[in-house]
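In case it helps, the working numbering puts the sequence shown at residues 3 to 277.
Hints should not be assumed to be uniformly reliable.
In silico lysine to aspartate or glutamate, EDC-like type, Cα no more than 20 Å apart, as pairs [as the list claims (entries may be wrong)]:
#1 K85 - D46
#2 K202 - D192
#3 K202 - D86
#4 K85 - E203
#5 K202 - E164
#6 K202 - E239
By construction, these hints were calculated from the structure, which means they are not laboratory data. As the structure is a prediction and not an experimental result, all values here were calculated from the model.
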Amino acid sequence: MTDYAIGDLQGCHAEFVELLERIDFAPARDRLWLAGDLVNRGPDSLACLREVRALGNAAFTILGNHDLHLLAVARGGARLNRKDTLDDILAAPDREALLDWLQSRPLLVRQAFDAGGDTVMVHAGLLPQWSADEAAGLAGEVEARLGSERSGAFLEQMYGNEPACWQASLDGIDRLRVIVNVLTRMRFIDADGCLDFSAKEGLDSAPAGFAPWFRYPRRDDLRLVFGHWAALQGRAEGARVRAEATDTGCVWGGNLTALNLDTGERIGVSSHLRR
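Could you build the full structure based on these sequences and the hints that come with them?
Now the structure itself:
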């Protein structure tokens with residue numbers, strides 16, 4: 003069995019199918035780790051959702067910020083943004099089954115590998131202050147809330163830039179919002195673990211006093227697999243932790259890349275889009 007991590011699909015279904023053929027993926031033998039953002043901005047989000055859901059236990063799939071945005075629009079009263087490409091899902095006859103499946107996805111998966119050691123996949127990253135056990139527990143708090151969500155109230159309040167700093171004493175919606183922001187939106191942080199939400203480009207766009215989350219050391223030796231940050235082009239330069247960036251910007255005209263978690267080999271296909 004081979005485990006492959008793939009970054010943000012964002013509706014790039016044709017490239018996803020091509021990449022699976024390129025790596026000779028066999029669901030009965032191999033497994034995918036999909037780093038979130040299956041949907042949005044690309045041309046075929048509905049096909050991506052259906053394809054990944056059909057893979058069943060052959061794919062670990064976590065939630066990204068665009069996946070949560072879809073849930074917030076469909077079930078939490080949020081509005082579509084001008085650049086969203088979610089209408090096909092919202093109008094699909096199997097919409098509710100797809101949304102139920104998506105809402106049941108975790109925000110973090112973790113497994114030990116013989117070669118790579120303890121590996122954690124999240125969409126955006128982990129605060130250096132969080133151990134793997136603590137991060138899994140905090141992700142579980144949000145997952146439990148999503149699992150019991152029926153009114154749409156949590157989905158409506160889930161996003162916001164405040165509070166920007168993690169504190170263990172936080173409770174209620176503030177606590178859950180910071181956990182969601184760390185796991186699905188984080189790029190730059192300061193030494194105290196406070197997030198900046200303004201900078202979204204490459205490493206040289208860091209605000210004063212902030213650095214990429216992976217340039218802060220950790221006390222453990224986790225391998226951290228993440229997506230979310232297309233401007234990195236799959237390279238976590240200057241990392242002081244074992245960070246594997248997987249988003250190579252397919253939806254922006256880059257590549258869709260599969261990372262072999264056993265060997266470290268990267269296999270990519272070119273985007274069919276021109277931006």
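> Under the criterion that the straight-line Cα-Cα distance not exceed 20 Å, is the pair K202, E239 satisfied?
Replying inline: Between K202 and E239 the Cα gap is close to 16 Å, so the pair holds against 20 Å.
>> Holds or violated: K202 and D192, Cα atoms, limit 20 Å.
In response: holds, 15 Å
> Keeping to a limit of 20 Å between CA atoms, is the pair of K85 and E203 held or broken?
Replying inline: Holds, at about 18 Å.
>> Please verify whether K202 and D86 have alpha carbons no more than 20 Å apart.
In response: holds, 18 Å
> Between K202 and E164, does the CA-CA distance stay at or below 20 Å?
Replying inline: It holds: about 17 Å lies between the C-alpha atoms, which stays within 20 Å.
>> For K85 and D46, compute the direct alpha-carbon distance and say whether it is at most 20 Å.
In response: holds, 14 Å
Of the numbered hints given earlier, the model fails none.
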